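There are 2 protein chains.
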Amino acid sequence: MTSKEYIQKLRTAKYPLRGNKPKAMKAQMKIFESLDDHLMPDVYGNGEVIENFEKLLSEEFKKPGAIFFPSGTMAQQIALRVLCDRRGLKRVAYHPLCHLEIHEQGGIKELHHIETVLLGDADRVFTLEDLKEMDDVSVVLFELPQREIGGQLPSWDELVSMVNFCRERGIYTHLDGARIYECLPYYEKTVEEVGQLFDSVYVSFYKTFGGVTGAMLIGDEAMMIEAKIWKRRHGGDLYQLFPYIVTASEAYLRNKDKMQGYYEGAKAYAGKLSKVSGIKIIPEVPVSNMFHIHFDETPEVVMERLAYVIDEKNIALFGGIATNTDSLAKTEVYIGDAYGEVEELLVDQAIGLYEKEKLG
Amino acid sequence: MTSKEYIQKLRTAKYPLRGNKPKAMKAQMKIFESLDDHLMPDVYGNGEVIENFEKLLSEEFKKPGAIFFPSGTMAQQIALRVLCDRRGLKRVAYHPLCHLEIHEQGGIKELHHIETVLLGDADRVFTLEDLKEMDDVSVVLFELPQREIGGQLPSWDELVSMVNFCRERGIYTHLDGARIYECLPYYEKTVEEVGQLFDSVYVSFYKTFGGVTGAMLIGDEAMMIEAKIWKRRHGGDLYQLFPYIVTASEAYLRNKDKMQGYYEGAKAYAGKLSKVSGIKIIPEVPVSNMFHIHFDETPEVVMERLAYVIDEKNIALFGGIATNTDSLAKTEVYIGDAYGEVEELLVDQAIGLYEKEKLG
Numbered sequence: 001m002t003s004k005e006y007i008q009k010l011r012t013a014k015y016p017l018r019g020n021k022p023k024a025m026k027a028q029m030k031i032f033e034s035l036d037d038h039l040m041p042d043v044y045g046n047g048e049v050i051e052n053f054e055k056l057l058s059e060e061f062k063k064p065g066a067i068f069f070p071s072g073t074m075a076q077q078i079a080l081r082v083l084c085d086r087r088g089l090k091r092v093a094y095h096p097l098c099h100l101e102i103h104e105q106g107g108i109k110e111l112h113h114i115e116t117v118l119l120g121d122a123d124r125v126f127t128l129e130d131l132k133e134m135d136d137v138s139v140v141l142f143e144l145p146q147r148e149i150g151g152q153l154p155s156w157d158e159l160v161s162m163v164n165f166c167r168e169r170g171i172y173t174h175l176d177g178a179r180i181y182e183c184l185p186y187y188e189k190t191v192e193e194v195g196q197l198f199d200s201v202y203v204s205f206y207k208t209f210g211g212v213t214g215a216m217l218i219g220d221e222a223m224m225i226e227a228k229i230w231k232r233r234h235g236g237d238l239y240q241l242f243p244y245i246v247t248a249s250e251a252y253l254r255n256k257d258k259m260q261g262y263y264e265g266a267k268a269y270a271g272k273l274s275k276v277s278g279i280k281i282i283p284e285v286p287v288s289n290m291f292h293i294h295f296d297e298t299p300e301v302v303m304e305r306l307a308y309v310i311d312e313k314n315i316a317l318f319g320g321i322a323t324n325t326d327s328l329a330k331t332e333v334y335i336g337d338a339y340g341e342v343e344e345l346l347v348d349q350a351i352g353l354y355e356k357e358k359l360g
Numbered sequence: 001m002t003s004k005e006y007i008q009k010l011r012t013a014k015y016p017l018r019g020n021k022p023k024a025m026k027a028q029m030k031i032f033e034s035l036d037d038h039l040m041p042d043v044y045g046n047g048e049v050i051e052n053f054e055k056l057l058s059e060e061f062k063k064p065g066a067i068f069f070p071s072g073t074m075a076q077q078i079a080l081r082v083l084c085d086r087r088g089l090k091r092v093a094y095h096p097l098c099h100l101e102i103h104e105q106g107g108i109k110e111l112h113h114i115e116t117v118l119l120g121d122a123d124r125v126f127t128l129e130d131l132k133e134m135d136d137v138s139v140v141l142f143e144l145p146q147r148e149i150g151g152q153l154p155s156w157d158e159l160v161s162m163v164n165f166c167r168e169r170g171i172y173t174h175l176d177g178a179r180i181y182e183c184l185p186y187y188e189k190t191v192e193e194v195g196q197l198f199d200s201v202y203v204s205f206y207k208t209f210g211g212v213t214g215a216m217l218i219g220d221e222a223m224m225i226e227a228k229i230w231k232r233r234h235g236g237d238l239y240q241l242f243p244y245i246v247t248a249s250e251a252y253l254r255n256k257d258k259m260q261g262y263y264e265g266a267k268a269y270a271g272k273l274s275k276v277s278g279i280k281i282i283p284e285v286p287v288s289n290m291f292h293i294h295f296d297e298t299p300e301v302v303m304e305r306l307a308y309v310i311d312e313k314n315i316a317l318f319g320g321i322a323t324n325t326d327s328l329a330k331t332e333v334y335i336g337d338a339y340g341e342v343e344e345l346l347v348d349q350a351i352g353l354y355e356k357e358k359l360g
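Chains A and B are the protein sequences, given in the same order. Mapped onto the numbering used here, the consecutive letters of the first sequence carry residue numbers 1 to 360. Mapped onto the numbering used here, the consecutive letters of the second sequence carry residue numbers 1 to 360.
FYI, nobody ran anything at the bench for these hints, they're computed from the structure. No experiment lies behind these values; they were computed from the predicted model shown. Check each hint, because a few of them may be wrong.
The list makes no distinction among identical chains, and a pair is therefore deemed to hold if it is satisfied within one copy or across any two copies.
[What the hints assert, rightly or not] The list that follows gives simulated cross-link-like pairs (lysine-lysine, PhoX-like), each with its CA atoms no further than 25 angstroms apart: (1) Lys228 x Lys14; (2) Lys55 x Lys267; (3) Lys55 x Lys26; (4) Lys256 x Lys90; (5) Lys356 x Lys256; (6) Lys90 x Lys109; (7) Lys23 x Lys90; (8) Lys109 x Lys228; (9) Lys275 x Lys62.
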């Protein structure tokens, strides 16, 4: 079965377990129907609709400022650029599978001419030991959880010691917090407590929150002033951002307190899947609402079997199936509202059917 | 009267003559209510909703490709970068009041390290003579109409001779066509005929068209491939662009054939205003749907009088009032649907009242 056929099949499943159910354009914009008739839009980053949302996040993180961006790619490059200029050294350090390193066509290098230092090994989170071996940099970018390795996290104590190490050396710290709310149940911390460790934080609104698009950069006043200039330079100071802001703030407020449930769901689902043959779960016990699965078969075979489960049980156990470095199948699981909407018995039956077909 | 008070007053006017009436967020998103329930969004630049609109514009301009961008700032920097890389020289030439020079915080220089050459004088369009004196560049950017000087245009013959001059020297040409449709009545050309002069064209959807936000870059296949990579680098390859695309394509289709009427409206309105004392109109006779007005008084005095006209006649003759280099008032007029919605007698009365107050 090809990826394209599998994606088509996915769309037919009544119960997709991954994340939030894909929503049609009309449904995503439905919130505007109930908006007050007189509420006027933002204009080039000004206006109540954008300023109120920025204020909400800056208060939530107890940091002086916040700026809404059309994308995290833009927000993070700019945060790193501002901090590099502040320290006078165009060099940052991050995990080898950092979003900036593998998903942004090298924008940080091509546009900002910032040199990047890769910390530790690709298949684990970096540690204090890795920082001790690092060349001097202006910023260390932390990503919590580390998405590309199944959402792993350093322990809280290790995290604090790494941040302190940077601070003592005058190295700034930036948090890729695209999924920061998803870490709070494991750390048993508030978002303020996590955010206070870092000089700046980026938060995404279209992942677990299920917003349409958009991100927030949160930091000090001086960064905000420079970030607005860079936002204009990048072409991100859009005439009107309200279609993203109204939907993002609604999704944020609706979902931000659901993370404990999503985390429990991830642990429960991983527990069930861990008994299936030919499946390896990373991390073994999830520390957020996400984990990765590596299969002992090719994507074609796995997709074929998952399609059969959809046909028989109307459940899509996973989303898209990718290929890992050994040419075998892998997938990313993250828990949003969809998982909790399906009866446990049905999930068990679907997993059982997958297992039965696997064993042939 | 302060700018802020005047802006407040503007909002109360039943008949704002400038452009299109400002619309609340709910009204701008109303089109989604009538959308088919099953239409799915774009994902990172892919999907029917974005591809169909890109195809429409590429066909309209009879050029191989088109890419939707969240902003013209991003689209144009990228077009120039691609063409500079193609010729192997990071230098472009444009008008001294080009958008890239005065409204983008120097993004083209700061992000792309492209040197810029200013052509001719700020208060007129550049000519073939200016090009003949120019240092070698990779690209000449034309802006039709030249917005910052009231939407002036070179004659068609001068334009063709300038483009031919560039072509003979292997210099690429890019069109800032944010308002290209607005030039067609004066030139008596189709958008295809104008577009074919240039290697690439950018079109905006939120100016005369009245869309929410967004732009299109139109050019050859090789540019499109590279532009998509740069779009990702800039942070403009957004997860979902459909809120802009659906509204932009609706506004585009609804308004693109209205330009003759807007042009006639601009000439008529400029004609009426030309008789008012203390007003200078640039250009004297509009060549698109726009013109600028320079007053012989300070912004405070002009705003006070305009506010009085709003109070008495419910008509806002102009939009925002800015300050020109002599510390006197200036404003930009452009004609959209709003002008035609007001009876001519009312417009004449409002202008008459303004004149009467001016003469005291």
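- Query: Can you give the numbers of the hints that this structure goes against, from lowest to highest?
  - Reply: Violated hints: 1, 2, 4, 5, 7 and 9; rest satisfied.
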